[in-house]
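All chains, please: the whole structure from these sequences, using the hints.
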Amino acid sequence: MHLLEVNNPVAIQRGVLNAVSASNRPTSLDDKTVGLIWSGTHGGDIALKRAGEMLQERFENVNVNFYTGGNYPTPPAIVQQAGEECDVIIGATAD
Amino acid sequence: MVHDMIVIEKMGKPGVAIVSGRFESDAVASSRAFGMPDLQWIVVPHIYRNLDPETCRTQTEDAIDDLIGSLTTSIDARENAESTDTRRYEGEDRHDSILKMNQEFINEDLGDGLFLHPATKEAVDEMLTGTHLSPGHAVCDMPPGFGVATVEKIAINSVMAGAKPEHLPVVIAAVKALSKLGGQGGKSLLMSTSPQAPLLIVNGPLTKQLGLNPGSALGPGRDNQVNTLIGRAFALCFRNIGHWYLNKMDMDTIGTSRKFIQCIAENEDASPWAGFHVDQGFAADESTVSVFVTDGELDVQDQGNHTAEGLLKNLAYGSTFGTMNLQSARSGQERLILMPPDVARPVGSQGFSKQAAKEFIHKHANASVGKLMQYMPLEGEARVHNHWKWLENLTEDQLLEITVPIMNDAKDCYILVVGADRAKTGVFPSGPAPVTEGIDQYKA
Chain A
2 MHLLEVNNPV AIQRGVLNAV SASNRPTSLD DKTVGLIWSG THGGDIALKR
52 AGEMLQERFE NVNVNFYTGG NYPTPPAIVQ QAGEECDVII GATAD
Chain B
89 MVHDMIVIEK MGKPGVAIVS GRFESDAVAS SRAFGMPDLQ WIVVPHIYRN
139 LDPETCRTQT EDAIDDLIGS LTTSIDAREN AESTDTRRYE GEDRHDSILK
189 MNQEFINEDL GDGLFLHPAT KEAVDEMLTG THLSPGHAVC DMPPGFGVAT
239 VEKIAINSVM AGAKPEHLPV VIAAVKALSK LGGQGGKSLL MSTSPQAPLL
289 IVNGPLTKQL GLNPGSALGP GRDNQVNTLI GRAFALCFRN IGHWYLNKMD
339 MDTIGTSRKF IQCIAENEDA SPWAGFHVDQ GFAADESTVS VFVTDGELDV
389 QDQGNHTAEG LLKNLAYGST FGTMNLQSAR SGQERLILMP PDVARPVGSQ
439 GFSKQAAKEF IHKHANASVG KLMQYMPLEG EARVHNHWKW LENLTEDQLL
489 EITVPIMNDA KDCYILVVGA DRAKTGVFPS GPAPVTEGID QYKA
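Just so you know, the sequences run in chain order A and B.
Heads up, the first sequence is in the numbering used here, so the first residue is 2 and it goes up one at a time.
Heads up, the second sequence is in the numbering used here, so the first residue is 89 and it goes up one at a time.
Hints may be right or wrong, so weigh each one.
Stated by the list, open to error - Simulated crosslink set (SDA-like; lysine to any residue; CA at most 25 Å straight-line): (1) K268/B - I13/A; (2) K252/B - Q297/B; (3) K98/B - V65/A.
Quick caveat, the hints were computed from the structure, so don't treat them as lab data.
Note that the coordinates shown come from a computational prediction; the quantities given were computed from them, not determined experimentally.
Take a look at the structure:
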């Protein structure tokens with residue numbers, strides 16, 4: 002029998018070394034402002050707007066804000082604005 | 089979008105991405121690369137951008153419960169596989185154990201499909217004699233997955249490729265160059281659904297010392313062994329350090345054989361001009377590697393022109409393909425031109441400097457707006473820059489009659505002399521701008 006030992010070629014990712022956790026969730030979307038971030042590609046806007054409509058149907062007093070920077074990644078100022086103005090965010094690239 | 093949602097989460101707000109079909113594994117890989125493995129997303133069956141509006145709505149409706157759940161339910165941490173420093177394989181003999189290693193590496197997608205050399209401690213130690221850097225030295229975080237590119241990891245992947253210690257400084261320099269390419273290593277481009285792939289080009293004295301082929305340089309065989317080995321070493325680093333795995337961080341639709349990356353040399357002896365590294369600010373006697381990202385290739389053949397203007401016009405017309413960028417005020421593309429000596433020599437001897445040749449090509453490489461923008465219907469599209477909004481008011485016939493330069497500027501045209509005797513030029517759509525890194529600093 003022959004035992005072969007080799008070195009692992011896979012590098013650890015910086016993002017795993019410095020990982021942070023996702024934020025806490027609200028128990029309900031009642032009275033929340035929902036942000037929709039669209040990358041600008043065909044179909045993504047339709048998907049996001051339909052999601053916004055359905056959240057308004059399912060929960061009480063939901064406001065929906067629609068944002069687009071017309072690109073991906075979204076321009077940082079748009080992401081910042083959405084994060085400041087909304088309680089939760091939904092994003093779509095259309096991919 | 090994963091990146092944007094992580095920014096939102098870091099602001100303390102829940103962010104959820106809507107992800108289509110095969111892009112879920114991309115979301116998994118991207119969430120790790122960008123530092124939030126617990127990021128939430130929901131999955132719908134089909135990519136939206138070519139669906140009819142009604143299907144866009146219905147597949148979203150089908151996913152609404154998942155969406156609500158991901159916005160309102162506390163998150164369980166995703167498991168992250170621990171990596172070990174070594175792997176062991178037991179076989180009936182050495183050959184059998186190497187086969188077992190190869191099978192497992194292929195099963196885990198750690199290779200390129202070809203036979204991998206075993207990176208034993210002894211082989212890696214020998215490879216490390218090619219550089220003065222310590223094994224633990226971190227060269228960079230390699231995009232698109234931002235794995236920590238230590239010298240040891242680069243050496244391990246170089247051994248697996250079959251490279252030699254004297255090749256290691258080129259590989260290290262190329263890894264470093266890639267990390268400097270475009271914004272954050274041009275990570276969005278490298279993860280694209282189009283077939284972008286790096287091409288490495290070496291200049292300087294090291295090309296002859298290593299035996300890199302500057303002639304018919306792209307392809308298999310004896311003459312291109314060094315080109316192939318160094319390119320393969322870089323490609324394995326790209327996979328296992330940059331985490332450029334297909335359907336995870338490489339979302340290519342069809343793919344390309346250019347992803348069997350090659351490392352070629354500029355044919356400086358056959359060029360009437362200074363080498364590309366001199367254009368990039370290096371001394372002629374320095375050795376460098378330049379990383380280009382190409383998105384295709386075309387053979388522009390010439391069947392009889394012998395004047396510089398005739399040769400360059402043919403080359404300019406052959407460069408007019410592709411699409412124009414409507415997302416920015418700068419619409420143009422870039423072109424990497426691998427010009428064979430039979431084109432470069434007459435162009436140079438008839439008084440054209442390299443810069444003059446680039447300006448001539450830029451001036452004559454024009455194409456119809458209507459054809460260049462056909463790929464992206466303007467209706468329902470928010471990515472059109474204000475600079476191009478006026479196009480929305482024109483008829484198709486009007487759009488077809490307007491011509492624009494393929495490149496914004498002559499500097500977007502990169503000429504390197506490569507190739508055997510014959511006036512057949514290789515034209516590659518390319519971008520972002522190439523990065524050139526000195527190699528000598530990494531040698532033993």
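K252/B paired with Q297/B [C-alpha distance capped at 25 Å]: Measuring from Cα to Cα gives roughly 13 Å; hence the hint holds.
Straight-line alpha-carbon gap K98/B to V65/A, limit 25 Å: holds, 21 Å
K268/B paired with I13/A [C-alpha distance capped at 25 Å]: The hint holds at about 19 Å.
In summary, the structure agrees with every hint in the numbered list given earlier.
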